[in-house]
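Whenever a hint applies, use it, and build me the whole structure from the sequences.
Protein chains in written order, with the working numbering: chain E, 1 to 206; chain X, 1 to 206.
Hints are computed from structural coordinates only; laboratory data are not their basis.
For clarity, every value in this text was computed on a predicted model and none was experimentally measured.
Incorrect hints may have been included.
[Claimed, not checked] Lysine to aspartate or glutamate pairs mimicking EDC-like chemistry, simulated, CA-CA at most 20 Å apart:
#: 1; chain 1: X; residue 1: Lys99; chain 2: X; residue 2: Asp177
#: 2; chain 1: E; residue 1: Lys42; chain 2: E; residue 2: Glu11
#: 3; chain 1: E; residue 1: Lys52; chain 2: E; residue 2: Glu73
#: 4; chain 1: E; residue 1: Lys96; chain 2: E; residue 2: Asp177
#: 5; chain 1: X; residue 1: Lys99; chain 2: E; residue 2: Glu118
#: 6; chain 1: E; residue 1: Lys99; chain 2: X; residue 2: Glu129
#: 7; chain 1: E; residue 1: Lys42; chain 2: E; residue 2: Asp32
#: 8; chain 1: X; residue 1: Lys99; chain 2: E; residue 2: Glu129
#: 9; chain 1: X; residue 1: Lys9; chain 2: X; residue 2: Glu53
#: 10; chain 1: E; residue 1: Lys99; chain 2: X; residue 2: Glu118
#: 11; chain 1: X; residue 1: Lys42; chain 2: X; residue 2: Glu54
#: 12; chain 1: E; residue 1: Lys123; chain 2: X; residue 2: Glu53
#: 13; chain 1: X; residue 1: Lys123; chain 2: E; residue 2: Asp177
[As the list claims (entries may be wrong)] Incomplete in silico selection of chain E near chain X, CB under 8 Å:
#: 14; residue: Gly25
#: 15; residue: Asn27
#: 16; residue: Asp115
#: 17; residue: Gly146
#: 18; residue: Thr164
#: 19; residue: Glu166
#: 20; residue: Gly167
#: 21; residue: Lys173
Think of the CB as a built atom: it goes at the ideal place given N, C-alpha and C, for glycine as much as any other residue.
For reference, the chains in residue letters:
Protein chains: 2
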Amino acid sequence: MGQLQPNLKREQIITAAAELVHLRGYNHTSLDEILDAADAGKGQFYHYFASKEELGLAIVDRAAARIRATLLERVERGQGLAAIRWMLRCLTDTAKRTKCGGGCPLGNLAAEMSDVRETFRRKLAGVFELWRQVIERALITAQRRGELRPGVNARQLSFLILSTIEGAILLAKVQHDARVMERCFQGLWLCVEQLQRPGGGREENG
Amino acid sequence: MGQLQPNLKREQIITAAAELVHLRGYNHTSLDEILDAADAGKGQFYHYFASKEELGLAIVDRAAARIRATLLERVERGQGLAAIRWMLRCLTDTAKRTKCGGGCPLGNLAAEMSDVRETFRRKLAGVFELWRQVIERALITAQRRGELRPGVNARQLSFLILSTIEGAILLAKVQHDARVMERCFQGLWLCVEQLQRPGGGREENG
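Encoded structure:
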């Protein structure tokens, strides 16, 4: 620790806090519990963070960075509708692997914090809007590639897809059953298929 | 209080607790704050509830009863797709009226409690499954009335609709903007319209 890797302890604290907050919520997790899990003292903590709130916002930043790296960048590099379908499958696989434990870290914090802490709400709002824009751009690409009918409102559809994702993760969490997510996404895809251009670029393995 | 209206105080405690929990979450609301808001003493509280958890479960029961009475019973009495569209408009109107404050009481508790208290998870899972079944039955009615194409999977579509509802309420809450919900539902309806039977029972004012 210390001099050579000055941020290692900071990262350890964020990791420990993120895990606890993911399962138990921000307000229900005390700073003492976080420090205990991170094997860190109060002095170390206040060396890196001005407050528990600053740590909470760092958790949001870290979760957002992870979603960008594991999902959104691949959707951006991807191929229209196939990229969106890949994202849905990726989310379902995660739910299966984790047995739906915790749900969506960003969705949980949005539900918990939006009305009580404006700093959290603003940061989370920015992440969700970025996510939606990535989806919208993929839909516009799909339209250019002739997969989606030209008249389809990509913006409205991106709102539908993101709300379905967040709602599906929540329902799977409360039912403790990842198949709930699959059913929500099957319903979504049933609809998206109706908006595809007849015979035009229908993706098979997307 | 007391003899003539034995449950009045109980109702007052549930009402005060439901309001606090809706905005701040269950774990972040202390029993003392609830009693203060309800103008009740500890003795009165333990006369009606064995624990804070029992009160929390009563909050879920009350929220579920309200959704049944204000939304689901009308969807059941309603007319296929028009009834579902009415439900979506009703939810958007509520979000506009309350400026998205609080979000969905059941969704919030599902996000907060599903992984930490099995009693809450089970009760909430039952309410969401009931809600989904009401939507599924309305879709089957729509199919019988010739509004929806016979091949449409009503079960999958009901999962899509409920997940969109919960996701849309969450996104509107984090964006502090009820128009977000409108856009999600417009995207949903754009899709549902594609599943309608051409020329068959298309509802105009639903």
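Cross-check of the supplied hints:
1. X:Lys99 with X:Asp177: 7 Å, holds
2. E:Lys42 with E:Glu11: 15 Å, holds
3. E:Lys52 with E:Glu73: Given pair Lys52 (chain E), Glu73 (chain E) is violated - Cα atoms ~30 Å apart, limit 20 Å.
4. E:Lys96 with E:Asp177: Judged against 20 Å, a Cα distance of about 8 Å means the pair holds.
5. X:Lys99 with E:Glu118: At roughly 15 Å apart (the allowed maximum being 20 Å), Glu118 (chain E) and Lys99 (chain X) satisfy the hint.
6. E:Lys99 with X:Glu129: Holds: Lys99 (chain E) and Glu129 (chain X) sit about 19 Å apart, inside 20 Å.
7. E:Lys42 with E:Asp32: 8 Å, holds
8. X:Lys99 with E:Glu129: The hint holds at about 19 Å.
9. X:Lys9 with X:Glu53: 18 Å, holds
10. E:Lys99 with X:Glu118: 15 Å, holds
11. X:Lys42 with X:Glu54: Holds: Lys42 (chain X) and Glu54 (chain X) sit about 14 Å apart, inside 20 Å.
12. E:Lys123 with X:Glu53: 32 Å, violated
13. X:Lys123 with E:Asp177: 15 Å, holds
14. Gly25: Holds, about 6 Å.
15. Asn27: 4 Å, holds
16. Asp115: 5 Å, holds
17. Gly146: Result: violated, 18 Å to nearest chain X Cβ.
18. Thr164: 5 Å, holds
19. Glu166: 4 Å, holds
20. Gly167: Since chain X brings a Cβ to about 3 Å from Gly167 (chain E), closer than 8 Å, the hint holds.
21. Lys173: 5 Å, holds
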